[in-house]
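My request is simple: use the sequences and hints to build the entire structure.
4 protein chains.
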Amino acid sequence: MCRWIAYTGKPVYLDTLVTKPDHSLVVQSRHSQMNYTTSGELLSINGDGFGIGWYDKRDTPGLFKDDLPAWHNTNLDNLCHQVQSHTFLAHIRATTTGDIQRANCHPFGYKNWLFQHNGHISHFDKLRRPLQLKIAPELFPLLQGTTDSETFFYLAISYGLLDNPKAAMQKMVREVLQVLSNFDKDGVLNLSCAFSDGRKLYTLRYSYNEAPMTQFVSNDSGCLQEFAEDKPQIPAASTIIVSEPLDNISDKWTKIPNNSFTTVFRNEVTTERFLDD
Amino acid sequence: MCRWIAYTGKPVYLDTLVTKPDHSLVVQSRHSQMNYTTSGELLSINGDGFGIGWYDKRDTPGLFKDDLPAWHNTNLDNLCHQVQSHTFLAHIRATTTGDIQRANCHPFGYKNWLFQHNGHISHFDKLRRPLQLKIAPELFPLLQGTTDSETFFYLAISYGLLDNPKAAMQKMVREVLQVLSNFDKDGVLNLSCAFSDGRKLYTLRYSYNEAPMTQFVSNDSGCLQEFAEDKPQIPAASTIIVSEPLDNISDKWTKIPNNSFTTVFRNEVTTERFLDD
Amino acid sequence: MCRWIAYTGKPVYLDTLVTKPDHSLVVQSRHSQMNYTTSGELLSINGDGFGIGWYDKRDTPGLFKDDLPAWHNTNLDNLCHQVQSHTFLAHIRATTTGDIQRANCHPFGYKNWLFQHNGHISHFDKLRRPLQLKIAPELFPLLQGTTDSETFFYLAISYGLLDNPKAAMQKMVREVLQVLSNFDKDGVLNLSCAFSDGRKLYTLRYSYNEAPMTQFVSNDSGCLQEFAEDKPQIPAASTIIVSEPLDNISDKWTKIPNNSFTTVFRNEVTTERFLDD
Amino acid sequence: MCRWIAYTGKPVYLDTLVTKPDHSLVVQSRHSQMNYTTSGELLSINGDGFGIGWYDKRDTPGLFKDDLPAWHNTNLDNLCHQVQSHTFLAHIRATTTGDIQRANCHPFGYKNWLFQHNGHISHFDKLRRPLQLKIAPELFPLLQGTTDSETFFYLAISYGLLDNPKAAMQKMVREVLQVLSNFDKDGVLNLSCAFSDGRKLYTLRYSYNEAPMTQFVSNDSGCLQEFAEDKPQIPAASTIIVSEPLDNISDKWTKIPNNSFTTVFRNEVTTERFLDD
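Sequences listed follow chains W, Z, A and D, in order.
Per UniProt numbering: the first sequence = residues 1 to 277.
Per UniProt numbering: the second sequence = residues 1 to 277.
Per UniProt numbering: the third sequence = residues 1 to 277.
Per UniProt numbering: the fourth sequence = residues 1 to 277.
Treat each hint with caution, since some may be false.
One copy or two, either will do: identical chains are not told apart, so a pair holds if it fits within one copy or between any two.
Unchecked claim - Straight-line C-alpha distance at most 27 Å; calculated DSSO-like pairs for lysine-lysine:
no.	residue 1	residue 2
1	K252	K134
2	K171	K10
3	K10	K134
4	K20	K111
5	K166	K111
6	K57	K255
7	K252	K126
8	K134	K166
9	K111	K126
10	K57	K10
11	K185	K20
12	K171	K20
Since the hints were made in silico from the structure, they are not lab data.
Quantities reported herein were computed from a predicted structural model and do not represent experimental measurements.
This is the structure:
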């Protein structure tokens, strides 16, 4: 049960979205106002690690992750103040599966790709082995942590993410659902993911046997104004997608429907149906 | 704005109080139900470090501290499961002054003494220099962090804590109040401290220009039962003092009055008036 | 390329062996005088994490591990000063495979068992998948890190470590050798392990296609005297086994032969041939 | 006993100097070939923290520091691969005074200034109080750690570093020497510092009662070639100053004399005598 934001457009300093707004991702890490409950438990804290992944001039993206709370993190504050990026992901973690360790923090990176995830799957402890066996053997040694999220990412790569992201995600979800329903036909899968190759930004919203996680998009340059006293603007022709609407929602934000695959390229947001069945 | 517990009596495993109860100190570190607001801000998380200090067979106490959240901390869980102690302090931190670093975590240790503190003083940044100048020069090099709490502890040692704890604390508070009121006569001092030499356990509850922090004591062996499903007993003839009553209060707990100095020795709890003026 | 010690006998404070001697394990973590070179590289630092595992009164052992250097670690110093144990393992890590993370630090724990390892296997990245597939499916979810050592431990458990340690280790080594030699018949396996159920202490020394790691044993109560100015004694009727002889070797230490399986029980040290073929 | 590098010139990626060369600063953190001994002790490891401070487009510099070894640090590797800077400092720490904590890591930052230091002063524990009392009271609350280096930095700021760096450093050194010699006329002061406002780069080399630390400068674009197999060039018209000559020295490097104050501005290196007496 994590939180994330994803941005693509004109280069901005990361602090514009990650640390500065009064209801920024980092502020949300301490107390949020949505998604408080999952199976009756209070989940108001995302203190189990954080990460930022950003594209700048290098072939591969930058990645800064730590297994500490995002709040009061001087390195994170400082870095977000310095780093500009045209396309970046940022994530705060509340563990559902997997220990508190850097290897379990998002975003995950592979070559020029970044991936981050909010959600969960039932019985991951039991399903980890059969799911990881489906990962391409040459990718298996790259597994560093113990999360469902990293497993989903390497499955998607195994199924062709680099060539056809939507088809690879469809195959990944279908394979995961098959393994899950073989084990427990009432099992839950819930995915709200963002990923990118540095050129296009993609998100997936899909749930099975449970109400879906939220996902919101905006390319209104005033979409942050209600969250920050200094009324920041994001550049025109830029797009933000968030797992939660930075705590408050206004008509500047559009809810992305469940069972959808979204592609953002040059400020054009295309949302398609994800799975037909 | 931290939380702490202190125990003295028959040796118990630390997990009995620190990690096992459903409303244990560690559970409280994630969401508490009291003291939510100080100057209007939500303070529901104590994720800025933790510490345990315990007396066993050695001349000096054990001390395990880290600048991480207490929740999901495998080392802390494991240690509390192994370590038995007749007298121990445990603390979770929500920073008011001082960075997130181990040197700012409680309890603080000096020779055979341990000290932990919940509270704050106005303008500590401004008062740090005049207050630290009053610390005995030979103790000054021992300052490792940047907190008001560590400063109060070394001031008290400078004023004779090892020989006469109550008199030293009185002098410490009077000196601090003088420095504070010289700077701002409306300034606030709020102290809820626990400290020990391994033989006696002491606590102080004192506030100036503000409602005092809470402090509760129990030597009822059933005092934990409402907090834990497995209805743990603490040994007979043992005493617990807590900064918050493990979230819920029952008649097994006694509120310690403000402006009081408490001494626990061989299960006898003596609460005296602290400052007369 | 790590270092470890293992002790069983009369309870001692851990600092006697881990932190106090002038050539203690912690001192060795900064500069060692043996095993400097493996494939031509200088390996004088074991700064990639440490761990101690000890048996006291609980059913399961204590375990304190961190992914930091052992030197200057106040928590480790403090803990080793407080904790007494009749049987304990201690380890400092220099990474060969696996990231710097707590989950890759030794000793590894399972129920009442502890396991630590010095050594390596060729091509572990490539062999990780086929080796981990041989782990019992119900144990697979317990894998937390990415080391060969943890893989060997869970393989041994899968093959009956809890019931017959020697037979389980034999089967583990045979299976590993088969996977290895299928991939590269010149591949290297080198194992110097210590493990315990809290009652008996076991070590294994085995190498394939390479000169074996060292392993030394002593139950001479003066065996530490040449390493520490204050001439500490270990209790009579106690046994120490070390991966390196605390830097210097004297006739108080016995070299354990290669291809051997050692059992220590009530101060009796039995060394048997490990694999016949 | 630390190590540092400082660069100013055409923007380069930090990895060019910090992490990539075969004898880069990070490689040096594991085993160095100079300055092995200070007062007879082996000092081959700089594993007590690291930091990089860099100037890019913001008014204040970026700063990334951690109290971990620099080697195997994925965040540091990654950041140095992404970040470009025209002027930067980088430091690896081997503690002489001050605990292992981020607040004791270099570079230290104040407004647009960065400062890093290699060296030591005798009896710092004893001198810390009288030295810190000389820091301007309004700067005192900014002290975060316990090092001589941070104390020297805030003393220099107190004496006008921002307006006249050389005069401020002269006054700082004179005041420190006075406090030191009052306490012990045979006491040692050894300073090899680099500092910058983002426009000019300064270094100081000064020692008292001891052989000075080394300091080397180069603006030869081939000065790195002997340290890295891929023969990197630094841009023409750029300057590097290092506390140790990246392990090997060639005629492309010039030794900076003791008792000197160096200013680098637009690739012009000016070295002046520091103290006349």
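Tested hints:
Taking identical chains as interchangeable, the C-alpha atoms of K252 and K134 are never at most 27 Å apart, the minima being 41 Å within one chain and 54 Å between chains. Taking CA atoms no more than 27 Å apart as the test, K171 paired with K10 passes in neither setting, with 33 Å inside one copy and 48 Å between copies. Taking the shortest Cα distances, K10 and K134 never come within 27 Å of each other, neither inside one copy (38 Å) nor across copies (48 Å). In this homomeric assembly, K20 and K111 come within 27 Å of each other (Cα to Cα) only across copies, at 19 Å, whereas the closest approach inside a single copy is 30 Å.
Taking the closest pair of Cα atoms, K166 and K111 come within 27 Å of each other only inside a single copy of the chain (18 Å); across copies the shortest separation is 44 Å, beyond that limit. In this homomeric assembly, K57 and K255 never come within 27 Å of each other (Cα to Cα): the closest approach is 32 Å inside a single copy and 36 Å across copies. Taking CA atoms no more than 27 Å apart as the test, K252 paired with K126 passes in neither setting, with 42 Å inside one copy and 44 Å between copies. Only within a single protomer do K134 and K166 lie at most 27 Å apart by alpha-carbon distance; the minimum there is 18 Å, versus 34 Å between protomers.
Proximity of K111 to K126 under the C-alpha cut-off of 27 Å is restricted to the inter-copy arrangement: shortest distance 19 Å between copies versus 29 Å within a copy. Taking the closest pair of Cα atoms, K57 and K10 come within 27 Å of each other both inside a single copy (14 Å) and across two copies (16 Å). With identical chains, the CA atoms of K185 and K20 are never at most 27 Å apart, being 44 Å at best within one copy and 34 Å at best between copies. Taking CA atoms no more than 27 Å apart as the test, K171 paired with K20 passes in neither setting, with 38 Å inside one copy and 39 Å between copies.
Against the hints set out earlier in the document, violations occur for numbers 1, 2, 3, 6, 7, 11, 12.
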